[in-house]
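Participant: Those protein sequences? They're chains C and R, same order as listed.
If you count the first sequence from 1, position 311 lands on 311 in full-length UniProt numbering, and the numbers rise without skipping.
If you count the second sequence from 1, position 218 lands on 218 in full-length UniProt numbering, and the numbers rise without skipping.
Since the hints were made in silico from the structure, they are not lab data.
The beta carbon of each residue, even a glycine, is placed where N, CA and C say it ideally should be.
Some hints could be false.
Just some of the chain R residues that point at chain C, by a computed CB distance under 7 angstroms [what the hints assert, rightly or not]: (1) I24; (2) Y77; (3) R99; (4) G102; (5) R109; (6) A113.
From the structure, some residues in chain C lie toward chain R, with a derived Cβ separation under 8 angstroms [to be verified]: (7) G42; (8) Y43; (9) R44; (10) R50; (11) G52; (12) G72; (13) S74; (14) K78; (15) P144; (16) L145; (17) Y146; (18) R149; (19) P150; (20) I151; (21) K320.
What follows is a set of in silico ranges between Cβ atoms, one per label pair, in the way DEER data are often shown [as the list claims (entries may be wrong)]: (22) R:L60 with C:K76: 42 to 48 angstroms; (23) R:Y122 with C:V181: 58 to 64 angstroms; (24) C:A242 with R:G120: 55 to 61 angstroms; (25) R:L60 with C:A230: 43 to 49 angstroms; (26) R:A65 with C:A87: 47 to 53 angstroms.
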Amino acid sequence: MAAERTGPTGRAAGTAAGAAPGTPPGTAAAALAEQSRIHNIGYRSYDGPRLGRGYATRSLYSQSLRGAYGLGRSAKSKVLPMVLFVAMIAPALILVAVTVATKAKDLPLDYTRYAIVLQAVIGLYLAAQAPQSVSRDLRFKTVPLYFSRPIEHGDYVRAKYAAMASALLILTAAPLLVLYVGALLAKLDFADQTKGFLQGLVSVALLSLLFAGIGLVISAITPRRGFGIAAVIAVMTISYGAVSTVQAIAYTQDSHAAVGWLGLFSPITLIDGVQSAFLGATSAFPGAPDLSAGLGTVYLLVVLGLIAGSYGLLIRRYRKVGL
Amino acid sequence: MIATESLSKRFPRVTALDRLSVDIGPGVTGLVGANGAGKSTLIKILLGLSPASEGRAEVLGLDVATKGSTIRERVGYMPEHDCLPPDVSATEFVVHMARMSGLPPTSARERTADTLRHVGLYEERYRPIGGYSTGMKQRVKLAQALVHDPELVFLDEPTNGLDPVGRDDMLGLIRRVHTDFGISVLVTSHLLGELERTCDHVVVVDGGKLLRSSATTDFTQTTTTLAVEVTDTDEHPDGTAALRDELAARGIGTESGSGLPGAGHVLLLTADGEETYDVVRDAVADLGLGLVRMEQRRHQIAEVFRVEESGGTRPGDGTAPTGRPAAGASPSQPDPQKKEEARNGG
Chain C
1 MAAERTGPTG RAAGTAAGAA PGTPPGTAAA ALAEQSRIHN IGYRSYDGPR LGRGYATRSL
61 YSQSLRGAYG LGRSAKSKVL PMVLFVAMIA PALILVAVTV ATKAKDLPLD YTRYAIVLQA
121 VIGLYLAAQA PQSVSRDLRF KTVPLYFSRP IEHGDYVRAK YAAMASALLI LTAAPLLVLY
181 VGALLAKLDF ADQTKGFLQG LVSVALLSLL FAGIGLVISA ITPRRGFGIA AVIAVMTISY
241 GAVSTVQAIA YTQDSHAAVG WLGLFSPITL IDGVQSAFLG ATSAFPGAPD LSAGLGTVYL
301 LVVLGLIAGS YGLLIRRYRK VGL
Chain R
1 MIATESLSKR FPRVTALDRL SVDIGPGVTG LVGANGAGKS TLIKILLGLS PASEGRAEVL
61 GLDVATKGST IRERVGYMPE HDCLPPDVSA TEFVVHMARM SGLPPTSARE RTADTLRHVG
121 LYEERYRPIG GYSTGMKQRV KLAQALVHDP ELVFLDEPTN GLDPVGRDDM LGLIRRVHTD
181 FGISVLVTSH LLGELERTCD HVVVVDGGKL LRSSATTDFT QTTTTLAVEV TDTDEHPDGT
241 AALRDELAAR GIGTESGSGL PGAGHVLLLT ADGEETYDVV RDAVADLGLG LVRMEQRRHQ
301 IAEVFRVEES GGTRPGDGTA PTGRPAAGAS PSQPDPQKKE EARNGG
């Protein structure tokens, strides 16, 4: 493989080696030996296993998931996710403490309701971490580098989506777990609590998928992290603010049917609608209406459609990002 | 290593590659062309990331259209553009890229330490990349392309943005990638002269067409040119002129080597064999001059273009055209702009 090349370099090297006048040959040899020992850390080739595309995708997933909590990154980037995580857990601890102290018959807050009440924290977390996950790769042009590895465009999107959804699931399911363990410690009814807990888990799983999709699609549009953060906050809070305001107006005008339909226009009210229709939750909508099964199905279809749509948009977005 | 067969890539408004057929063997191969000549498009196709409009290509014996993922596992790629996140250290970044190539965590860490040392990054590898110089960043980019010990590595304009010393270091490193690491290299550049020092083989593309593909030795090793520089003495205030006259008297024609470093103080002459060295040595000794240097000077690839440009006539710098490929040997004439660039690089 090595093509022999004699040229100016070879000749020059010969001259240099010969040009050591006055040095006894022994010393020169010793010096050469020492030199060769110091530099004898030659290239070692790798013949171990190559774990391929699936492993690479999983590596990207775990790196992104760790990154979403600032692990493996600078100390500064750990602050916000950790603060938000604590902010998410703290109310659950307080609720458990209250339940145990007052020997209440039930938790003061439903499992399914928890994420709805703390939606601002979830929104903030998403706004901070979704751009972190994808905008940086776009901004610093690391994406093309990933695609020069065994993974395909779809693998990148799936790894990033799964990592973001998992990070949100950890954020939203951890307090539910605290509530559940607390409820069992307070000797509340096991069957009741388990059912509530599982319903809560399904709800936050759906929420994580939906939020992750929306957050990533918005962040993937811009390589600027700041714009990403602002856009995610805007979409999450403005849509919720608008929907709940209009819902309140509709409620005072006695258009109760409109209240249900209006909930379709913001991510968090979508989750609220789905869980009050199928997961035994009480809706946080004004007047806490019972959604009909038909409307509940519409909610579920919209949520699933949004998740699938976000995924599709991300795939399309990354197909365009070449080398 | 790489074989393409009438490979074409057409975009709606532009043809990036036009029936390119080329066969590239092991070793260091230079891919030369002006900006927009189709170099990057070719690399994209070879990595299996962009389908060819027609024709086929194989890398390491694998079809790029169907085996892209396998190819990318065994091939390294160093992009032309900046691709490094500033807030992580070189070690973290390269470990991550090693895992993205399929290396298990422990091996990824070992290989990263090894590779960063080989490209010349030591203590600074623990610092965030944001604080690195351009030269250090280029080394990190090279390290991530080599970390999984590929069989072949694509280097896209690796000397871009480097100062002359950094350029030389990088070219030396590229040479070592092949000689010491045993990894074949495809390196692109728009500077012909730069590749001439590094490559075994040079492929010239222009407008998506193959202009020329031949061993660097074909370009350059037809005759040996010697560059001689001497001191001036009291007896001979202009030592160079004195030597020129002396050599002329001994039957050796010289040129002044205009356009080269030290012009006016350097004599270029053609060495026909070992005896030429002796004649020069004796001439210098007889004149009582100090011999500063006498070195082989490889012909610049750019000269080949100059020959073709002037219709195969003897080029201005006095190198003999004997054994030189005739002008008609190349499929078409390179465009003037590229020749200009090639000369600048030489």
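Participant: Does each hint hold? Answer for all of them.
Facilitator: We went through each hint and held it up to the structure:
1. I24: Given a least distance of 13 angstroms, the restraint on I24 (chain R) is violated.
2. Y77: 4 angstroms, holds
3. R99: 4 angstroms, holds
4. G102: 4 angstroms, holds
5. R109: R109 (chain R) check fails; min Cβ-Cβ to chain C is 12 angstroms, beyond 7 angstroms.
6. A113: 11 angstroms, violated
7. G42: At about 7 angstroms, which falls below the 8 angstroms cut-off, the nearest Cβ of chain R leaves the hint on G42 (chain C) intact, so it holds.
8. Y43: 4 angstroms, holds
9. R44: Result: holds, 6 angstroms to nearest chain R Cβ.
10. R50: 4 angstroms, holds
11. G52: G52 (chain C) check passes; min Cβ-Cβ to chain R is 5 angstroms, inside 8 angstroms.
12. G72: Since the shortest Cβ distance to chain R is 7 angstroms, the answer is holds.
13. S74: 6 angstroms, holds
14. K78: Violated - the Cβ of K78 (chain C) stays beyond 8 angstroms from chain R, reaching only about 13 angstroms at its closest.
15. P144: 6 angstroms, holds
16. L145: 5 angstroms, holds
17. Y146: This interface hint holds because 6 angstroms falls under the 8 angstroms limit.
18. R149: 4 angstroms, holds
19. P150: 5 angstroms, holds
20. I151: Holds. Min distance 7 angstroms.
21. K320: 12 angstroms, violated
22. R:L60 with C:K76: 42 to 48 angstroms: Given about 43 angstroms between the Cβ atoms, the range holds.
23. R:Y122 with C:V181: 58 to 64 angstroms: 50 angstroms, violated
24. C:A242 with R:G120: 55 to 61 angstroms: 57 angstroms, holds
25. R:L60 with C:A230: 43 to 49 angstroms: 47 angstroms, holds
26. R:A65 with C:A87: 47 to 53 angstroms: Since A65 (chain R) and A87 (chain C) have Cβ atoms about 51 angstroms apart, the given range 47 to 53 angstroms holds.
Consistency with the previously given hints fails for numbers 1, 5, 6, 14, 21, 23, ordered from lowest to highest.
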